[in-house]
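Chains C and U, in that order, are what the protein sequence lines are.
With my numbering applied, the first sequence has no gaps in its numbers, which climb one by one up to 871 at the end.
With my numbering applied, the second sequence has no gaps in its numbers, which climb one by one up to 665 at the end.
In case anyone wonders, no lab produced these hints; they're calculated from the structure.
Computed from a prediction, not measured in an experiment: that's the story for all the values here.
Incorrect hints may have been included.
Computed, partial: chain U to chain C, Cβ under 7 Å [claimed, not checked]:
hint : residue
1    : V251
2    : Q267
3    : I285
Idealized CB from N, CA, C, for every residue including glycine.
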Amino acid sequence: MSQLFQEAILISILASTLRIMTPLLFSAMGELVTQRAGIWNMGVEGTMLMGAFAAYIGVTASGSLWLAVLAGVLAGVLMGVVIAFMTATMRVDHFIAGLGLNLLASGLTLYWFQSYIKRREQPTFSGFQNWPIPGLADIPFIGEVLFSQRLLTYLALLCVPAIWFLLYRTRYGLELRCLGENPKALDVKGLSVPARQYAAVIFGSAMTALGGSFLMLGFSDRFLADFSAGRGWIVIVALIAGNWAPKGVLVAIVAFAFLEALATHMQVLGAPVPHQLLLALPYLASIVILMFVRFRSGQPARLGVAYMRE
Amino acid sequence: MTSVLRVEALTKRFAGVTANDGVDFDLSSGEIHCLFGENGAGKSTLSSCIFGFYRPDGGRIFVHGREVDFSSPSDAIAAGIGMVHQHFVLVPEFTVLENIIVGTQKSGWRLNAREARRKIEAICSEYGIEVNLDAYVWELAVGRQQWVEILKALYLDARILILDEPTAVLTPAESQTLFRIIKAMCAKGLSIILITHKLVEVMQSDRVTVLRKGKVVDTLRTASTSADELARLMVGRAVSFTVSKPALAPGAKVLEVEGLSAIGHWGEHVLKNITFAVARHEIFGIAGVADNGQKELFEVLCGVREPSAGSVRLEAEDVTGFPARALMDRGVGHIPDDRFREGLVRQFSIADNLVLGWQRDGKYTSGPLMNRAAIGALSKTMIAEYQIAARDGAVPAGNLSGGNAQKVIIAREFLHASGLLLANQPTRGLDVGVIEYVQTRLLEKRAEGFAIVLASEELSDLFNLADRIAVMFKGEIVGIVDPRAASVEEIGMMMAGNRQAAA
Numbered sequence: 562m563s564q565l566f567q568e569a570i571l572i573s574i575l576a577s578t579l580r581i582m583t584p585l586l587f588s589a590m591g592e593l594v595t596q597r598a599g600i601w602n603m604g605v606e607g608t609m610l611m612g613a614f615a616a617y618i619g620v621t622a623s624g625s626l627w628l629a630v631l632a633g634v635l636a637g638v639l640m641g642v643v644i645a646f647m648t649a650t651m652r653v654d655h656f657i658a659g660l661g662l663n664l665l666a667s668g669l670t671l672y673w674f675q676s677y678i679k680r681r682e683q684p685t686f687s688g689f690q691n692w693p694i695p696g697l698a699d700i701p702f703i704g705e706v707l708f709s710q711r712l713l714t715y716l717a718l719l720c721v722p723a724i725w726f727l728l729y730r731t732r733y734g735l736e737l738r739c740l741g742e743n744p745k746a747l748d749v750k751g752l753s754v755p756a757r758q759y760a761a762v763i764f765g766s767a768m769t770a771l772g773g774s775f776l777m778l779g780f781s782d783r784f785l786a787d788f789s790a791g792r793g794w795i796v797i798v799a800l801i802a803g804n805w806a807p808k809g810v811l812v813a814i815v816a817f818a819f820l821e822a823l824a825t826h827m828q829v830l831g832a833p834v835p836h837q838l839l840l841a842l843p844y845l846a847s848i849v850i851l852m853f854v855r856f857r858s859g860q861p862a863r864l865g866v867a868y869m870r871e
Numbered sequence: 163m164t165s166v167l168r169v170e171a172l173t174k175r176f177a178g179v180t181a182n183d184g185v186d187f188d189l190s191s192g193e194i195h196c197l198f199g200e201n202g203a204g205k206s207t208l209s210s211c212i213f214g215f216y217r218p219d220g221g222r223i224f225v226h227g228r229e230v231d232f233s234s235p236s237d238a239i240a241a242g243i244g245m246v247h248q249h250f251v252l253v254p255e256f257t258v259l260e261n262i263i264v265g266t267q268k269s270g271w272r273l274n275a276r277e278a279r280r281k282i283e284a285i286c287s288e289y290g291i292e293v294n295l296d297a298y299v300w301e302l303a304v305g306r307q308q309w310v311e312i313l314k315a316l317y318l319d320a321r322i323l324i325l326d327e328p329t330a331v332l333t334p335a336e337s338q339t340l341f342r343i344i345k346a347m348c349a350k351g352l353s354i355i356l357i358t359h360k361l362v363e364v365m366q367s368d369r370v371t372v373l374r375k376g377k378v379v380d381t382l383r384t385a386s387t388s389a390d391e392l393a394r395l396m397v398g399r400a401v402s403f404t405v406s407k408p409a410l411a412p413g414a415k416v417l418e419v420e421g422l423s424a425i426g427h428w429g430e431h432v433l434k435n436i437t438f439a440v441a442r443h444e445i446f447g448i449a450g451v452a453d454n455g456q457k458e459l460f461e462v463l464c465g466v467r468e469p470s471a472g473s474v475r476l477e478a479e480d481v482t483g484f485p486a487r488a489l490m491d492r493g494v495g496h497i498p499d500d501r502f503r504e505g506l507v508r509q510f511s512i513a514d515n516l517v518l519g520w521q522r523d524g525k526y527t528s529g530p531l532m533n534r535a536a537i538g539a540l541s542k543t544m545i546a547e548y549q550i551a552a553r554d555g556a557v558p559a560g561n562l563s564g565g566n567a568q569k570v571i572i573a574r575e576f577l578h579a580s581g582l583l584l585a586n587q588p589t590r591g592l593d594v595g596v597i598e599y600v601q602t603r604l605l606e607k608r609a610e611g612f613a614i615v616l617a618s619e620e621l622s623d624l625f626n627l628a629d630r631i632a633v634m635f636k637g638e639i640v641g642i643v644d645p646r647a648a649s650v651e652e653i654g655m656m657m658a659g660n661r662q663a664a665a
């Protein structure tokens, strides 16, 4: 292979790593906020799926990509309200609530999808295009990898320091982390624990669904059943692997995205490895990570524990 | 003296139980007013109503003469009431400063720590409280965590401070510092409600209100009463504080521990070179602040933790590293410090808990089945013999009070053990009446010829019962003293790791 070709492949792998990373990163930052507030939302997969489906309906019905993003985010808000109601108000076991929601999302989107395309061709759309940053995009190599991405990819990267700032430098962040560590510390100061949990879960779910919308609008031209294909679970693994810190989660997500990008390119290059095995790489990696990551010092102390005054 | 807080005929019920029944209480400016009573007498409920945590079902509360109706702690805080909870409400992962300011900022979205820091430092220097604001709370000793709780209340400008069992986790020296600070606060015009069931502390107050079964028994000036009178009022009968301990010559050695060490979860040395021996007719006391290796020592002795070095001999047999099952079969009984997590299964009935661990014993089985009749009969006998307050053996252990739960554990262990008893914090959190009971039963076992290892954070337990007292600090035995020759101060110094006192 010529050197030029090798470089082109490398650029392509890295650039698609960033693209694949985008939806995962939005979802992971959303789930990070939710889990930091003590709610172990297992419904990431379902929320991403709902976001993707709402974005699909949005774009095919209105023709506007940004209205579609809005539709996806609103779907996330709704999912957030349901999750918050189940966990903060009804105090349902967080795992059961999340798993139920995933099943619901999977069934509902399929049902709605089938009634939507009844008696007609499935509508398609053309998704987000690259949005090169003038000047920066022309830098050789770096420009092609970093600065010739979609607008939402830049936003996703910016959202990591933004979430860090929210969690560690604002009073809302301090209260939010307090929810996950010891909610009673807020209760004894006369502050409502459920109200703050609702806010965290709704915000988190909206971000997660934003990830789902980008998955739809940045990668595809149509909806398919169970479109999110397990990415919600990867997000949960990334939180554990990243030890519940924004930077750690970013690293974990980038690693997963790189594996997926690598797998897709190996397939194109005709590597003598079964293609299904390559596609399974990120998921295999997540199993391995869960087996070996014992370091959970960052896990909020009251994650997944319903708060009740004794 | 002007009244800053007055409670009239306050009543609070929980699902049929009347926790406070027509309670009258008043607090004068600058005084320490004790709420004194047994567990379940309604002290914490009353304070939770005053703090707005619970809504009273009847009665009225006045603050500075104005009637108030608190719907949440924020109303109480606004009225100048602060509360230090018995179980600290702190976030270990936050710094001291973060713990104090979380949820207190009313405007602005960025954390405004600089102004808060100035205010907290001023409070610290005013009352002589020393604490590093940038330390994480998990790094602080339990005694220092108490200052954080107090600072939380003072930071919110509390003028009335409720302290719920504030010395439960403190060393004697830390308790003294606490009282020095409390008195400094009173001198500055703060008024203190001190909830306690310890007589030593009550005696440092100005007035005391005694509660029993949700009702006020009496309100007295502390100076004109005595410990005996207060104890009688609290329990409703006379209580003896010193159980009489007959002199007994120690017999043959039962337990010999030599050079015992153990490693914790994080690879730290939780036990370091522990050596001691206990003989028949002897109670070997272990003093020390919580988490200085007592729990780990008991775990090794009862066979649920592997020692990393050293040996344990039981009746001259080397039992180092033997599993719990083998030790139980050799007559070792264990009263763990956490009653409801390690001593009992909450969801099981009293009867089932009484045979827990011995369920394979032929006495309680018939073929492959449990012998319900035998277990039922046993529970009936034990409930009567150990005065367990329960309707019958079918009552779930989780419904019992701490004292009655402890009696179930004691009944089980006394029934099955035959040579060695390991009792870790057997009186923790119990009322004087039950403490007296537990102490008496332990002395009975001593007279029967048992060797007993008794760890307690209450020095009074050890002075009453132990023939020798070892002091543990950071996994080591700092020294072993004779209770007849040692003073509380000496042992207190050793509990803080001071070896000189041991010499």
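inquiry  = Hint U/V251 vs chain C: min CB-CB distance below 7 Å?
reply    = holds, 5 Å
key: When the least beta-carbon distance from U/Q267 to chain C is tested against 7 Å, hint result   = holds, 5 Å
inquiry  = Using the nearest Cβ pair, does U/I285 come within less than 7 Å of chain C?
reply    = Hint on U/I285: violated, closest Cβ of chain C at ~17 Å, above 7 Å.
The structure fails hint 3 only (numbered hints given earlier).
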